[in-house]
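Participant: Residue numbers (the working numbering), protein chains in the order written: chain H, 2 to 331; chain U, 31 to 269.
Treat the hints with care, since some could be wrong.
Here are the computed lysine to any residue pairs in the SDA-like style, where the Cα-Cα straight-line distance is at most 25 Å [what the hints assert, rightly or not]:
#	chain 1	residue 1	chain 2	residue 2
1	H	Lys257	H	Thr183
2	H	Lys121	U	Leu179
3	H	Lys59	H	Val79
4	H	Lys122	U	Pro263
5	H	Lys115	U	Val181
6	H	Lys143	U	Val255
Hint data in this document are derived by calculation from the structure and do not stem from the laboratory.
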Amino acid sequence: MDPLSASATAAEIVFDRATKRYPGRPQPAVTELSLTIPAGEICVLVGPSGGGKTTAMKMVNRLISITDGDITIDGTSVRSLDLTELRRGIGYVIQQVGLFPHLSVGDNIGTVPKLLGWPKKQIHARAVELLELVGLEAADAKRYPAQLSGGQRQRVGLARALAANPPLMLMDEPFGAIDPITREHLQDEFLRLHRELRKTVIFVTHDIDEAIKMGDRIAILHSGGILAQYDTPDEILANPASEFVERFVGADRGLKRLALRRLGDVELEPAAGAATDAPRCKPTTTLRDALSLMLTEGAQEIVVAGDDDEPVGTLTLQRVSELLREQVTA
Amino acid sequence: MSPVIAGGPVIPNYGKATGCIVDNNSFFCTKWIHQHWSDTLQPALVQHVWLTAIAVGIGFAIAFICALAAHRFNWLVPPISAFTAFLYTIPSIALFQVLVPITGITITTIEIGLVGYTLLVLFGNTLAGLRSVPPDVIEAARGMGLTRLQVLRRVEIPLALPAIGAGVRIAVVTTISLATVAAYITPYGLGKPIFDGLQINYHTEYVVAGLLAIGLALIADGLLVLAQRALTPWRRARA
Numbered sequence: 002m003d004p005l006s007a008s009a010t011a012a013e014i015v016f017d018r019a020t021k022r023y024p025g026r027p028q029p030a031v032t033e034l035s036l037t038i039p040a041g042e043i044c045v046l047v048g049p050s051g052g053g054k055t056t057a058m059k060m061v062n063r064l065i066s067i068t069d070g071d072i073t074i075d076g077t078s079v080r081s082l083d084l085t086e087l088r089r090g091i092g093y094v095i096q097q098v099g100l101f102p103h104l105s106v107g108d109n110i111g112t113v114p115k116l117l118g119w120p121k122k123q124i125h126a127r128a129v130e131l132l133e134l135v136g137l138e139a140a141d142a143k144r145y146p147a148q149l150s151g152g153q154r155q156r157v158g159l160a161r162a163l164a165a166n167p168p169l170m171l172m173d174e175p176f177g178a179i180d181p182i183t184r185e186h187l188q189d190e191f192l193r194l195h196r197e198l199r200k201t202v203i204f205v206t207h208d209i210d211e212a213i214k215m216g217d218r219i220a221i222l223h224s225g226g227i228l229a230q231y232d233t234p235d236e237i238l239a240n241p242a243s244e245f246v247e248r249f250v251g252a253d254r255g256l257k258r259l260a261l262r263r264l265g266d267v268e269l270e271p272a273a274g275a276a277t278d279a280p281r282c283k284p285t286t287t288l289r290d291a292l293s294l295m296l297t298e299g300a301q302e303i304v305v306a307g308d309d310d311e312p313v314g315t316l317t318l319q320r321v322s323e324l325l326r327e328q329v330t331a
Numbered sequence: 031m032s033p034v035i036a037g038g039p040v041i042p043n044y045g046k047a048t049g050c051i052v053d054n055n056s057f058f059c060t061k062w063i064h065q066h067w068s069d070t071l072q073p074a075l076v077q078h079v080w081l082t083a084i085a086v087g088i089g090f091a092i093a094f095i096c097a098l099a100a101h102r103f104n105w106l107v108p109p110i111s112a113f114t115a116f117l118y119t120i121p122s123i124a125l126f127q128v129l130v131p132i133t134g135i136t137i138t139t140i141e142i143g144l145v146g147y148t149l150l151v152l153f154g155n156t157l158a159g160l161r162s163v164p165p166d167v168i169e170a171a172r173g174m175g176l177t178r179l180q181v182l183r184r185v186e187i188p189l190a191l192p193a194i195g196a197g198v199r200i201a202v203v204t205t206i207s208l209a210t211v212a213a214y215i216t217p218y219g220l221g222k223p224i225f226d227g228l229q230i231n232y233h234t235e236y237v238v239a240g241l242l243a244i245g246l247a248l249i250a251d252g253l254l255v256l257a258q259r260a261l262t263p264w265r266r267a268r269a
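Bound conformation, chain U alone (with noise of 0.2 Å):
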């Protein structure tokens, strides 16, 4: 991607690691992140962390209650599927960009994108995982006096678990990845010093920026396996 550089040489502030930037702009000025940790690369990060929590909280929200709704009424799966692939469909800079007139640049701006890129994913892996309950364990279930809640809270949705943790799994990081593009249109996030880095063309900003996203989204999904562990104990016990 080129720099979306305006206008001529700048000397940008880099502050107290001015040193290292003058000897040579490194990749990775230690220095730097050691100065910056605090007012540019942390806060970032945090912000980072609750633009992916809120996306994916609000998109799996929306798909789990299309998914039941669809799980019910079948007629409902065609539109909503439509639906969500359109919106998947849609360049994620055009997007952001055509709902600033209504939102504004907001994080409201980013998080509706966001929460649309996740339905596609969330509301199939839903929608699949509890179809593939077997017939003969709805039948025992019915069988056996259970109402048709108590069938799905009971036995379809703790059985739709491993299909709808892995589509979280895979919202969660294309999230983290797409949110830092969202800085493009509103300032927020770990995109926020990868674009900064860029326009001032200096490389351990964005470098580090860049790292910090791909550690977050390594670390989150290390830590959705563990939940995902922790909530299906069934699925590791073989004979």
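So here's chain H without its partners, still in its complex pose (with noise of 0.2 Å):
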């Protein structure tokens, strides 16, 4: 295998009635957990503290053991691995980074590949094209974490990850500790970046709002780690399956939908009857923005236009209340 191709193979990941029991406690921590996560998509397991999801999380490379049932990547066991050829084969990037403080980043980049035995100049490569992919740069690699920002340092945390190019990558609330500007641009990346390589990725938060933005499909969990929910998020939007869910998502979850969905991905009606006035916007944009700029400018429509100013269509009031109603496109 070519460890400096891209082009990574994704892992499908099954959860089999995955549990975790405490001795002395009542409850599991996670109970009977079953999902299946394919190949090269995103699942997000969010909920409430004590929700059990960074347990459930944990189990998949050992960190933490599982009690009973089993989780699969690719069809085999992870209990049937060897504890260290697993971890080595799984990314795994933590809130507080966890970078190796005495270390460069390039040798903090290089931890995994050393210890496959990479020969040193595939390394240094490996990290100098890490760093490009993650938006550092090459001379970056020389300095220490304490140089870095909080912002950068998650940015290496994830180069980290990358570096041997595992098929799997486990997030535990990776952008938690950023702030909110840093953590949105960390977000849209993260989400480009998984484009162009397709890993699995399972990440954990405790944000419903961030679990919306980054997953292709979203599991809730409610304490006792039992599953209240798996699901696509804008099916989670628009049908929850209990009122724990209900609430969990946020009364607001009408608005939350009309975020996933842009004005370039919903069927307009005729331009040619909008008011002249009427304010526009670009088909990148969202419905949840489109929305409130209706509001705030008193209108009850938009003009949706292109990069040339061409209207392309309208959107009005009625017509995002029509598709709030509609059932789940995805």
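Two chains, two frames, a set of hints: combine them into the complex.
Facilitator: Here's what the structure looks like:
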């Protein structure tokens, strides 16, 4: 295998009644969790504190042992694999990043390749390649973690997790300790990166908005690690499976759903009938932002116009409401 | 400290520098230093360096192994801490004296005592250093598939180096100082000219030997600081 190639194979992950029980505690931390994560998708585990989402994630690389049931990666049980071999094949990113303060950025990124016995030159080339991939510079390889900002550190953490090109990434609240502006930036970049690399990702967060933004699928866990719902973000927002899920996603779930869709993705009415003074939006604008604009401008409709400023259609307030009541499209 | 002279007036052999004694028993007869550098001071200094290096070397080896064991098995911490603290409380001259019937008037006697006194600070600092490694760093290391031994060797020990280095510096400086006392039992190292000088009430000898001990401590400490900087370049890296 050419370790420098960006075309990673992704793995399918299956939780099969995976259970974690701690001795002396009446309720399991994770209860018979069963779900299938298709290869190349981002699955977000979300839920309130004590919901067992981090526990469920750490059972995959066996930082926490599985009491009952099983988890398989491409059909192979994680219980059957050698512990170090299993972990070296999984990218691991945590909130506090956990960079090694005594190693340069380049050596941090090269940790797993070095354990795998790659030649020095190749490790260095890989570190430079990854630094550029996560938006840093080759010269940063010589710096120490203490010389980086919080956002830069998390980028290095991501690069380090990607170093040996693992088919699976585990990310435990990776952007949780980062200021809101940098966080949004990192989320966008990670999504761009994911479209390129297509690895399977298990992403833990307690923030439902982050879950909706990042997840191809969302697993909502409630206390005791019981799966409340596992579905696409659109489906969860449109049809919450229980009162718990409804409360967890929030009363504004309609608005959140609108944020998932862009003007360019929905069927618009002809532009001809629109009022001339109607506000204008680009096709990349989300329905939520378009609605916000209509409400602030006091307009009943907006005109969608491309880069050449040529109107392509109109979105009315009426149509937004219809779209929300429509069945899930995804 | 009162002179440990027994008996009446002694006319010691001051060698060729007698002149500067007879005129005035000064605290710093440079002529005597010149004449006795090679037969008294230099050998004592070299011996003192060895005494210290062996004591800290053996002490460090013992303390390091104990700290690794205690880091792995927490229940070992109280007994080892208590034992090293107990050793530290024993008055030094008494300890050296007690050892004489067992190990005789030998360098071994000195070294056993000196090693005993280094253990408290070397064990304590090494353990504190190993424990100071942030839990997220350990978790990341384990999550990436480093074995327990690799975590220890590549992460915990390097990150404990600043604390270990601080412990070694204290151990070296206190050992250099304490080793002069050991000459009361076994005449060896810089303590020998100090006790000799006191015995014959010749100021220059014990003052110069004492200054050499201080100088040695300062130089050793300085070298250790430099070594520590070379070993931990990451500590000076700041944004």
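Participant: All hints are to be evaluated individually against the structure, with a verdict given for each.
Facilitator: Results of checking the hints against the structure:
A distance of roughly 21 Å separates the Cα atoms of lysine 257/H and threonine 183/H; the hinted pair therefore holds under the 25 Å criterion. Distance hint between lysine 121/H and leucine 179/U is fulfilled; the C-alpha atoms sit about 22 Å from each other, no more than 25 Å. Between lysine 59/H and valine 79/H the alpha-carbon distance is near 11 Å, which keeps this suggested pair within the 25 Å criterion. For the hint pairing lysine 122/H with proline 263/U, the CA-to-CA distance comes to about 23 Å; that is within 25 Å, so the pair holds.
Distance restraint check for lysine 115/H and valine 181/U: the Cα-Cα separation of roughly 14 Å lies within the 25 Å cut-off, and the hinted pair is therefore satisfied. For the hint linking lysine 143/H to valine 255/U, the alpha-carbon distance of about 24 Å falls within 25 Å, and the restraint holds.
Hint violations for this structure: none, all hints satisfied.
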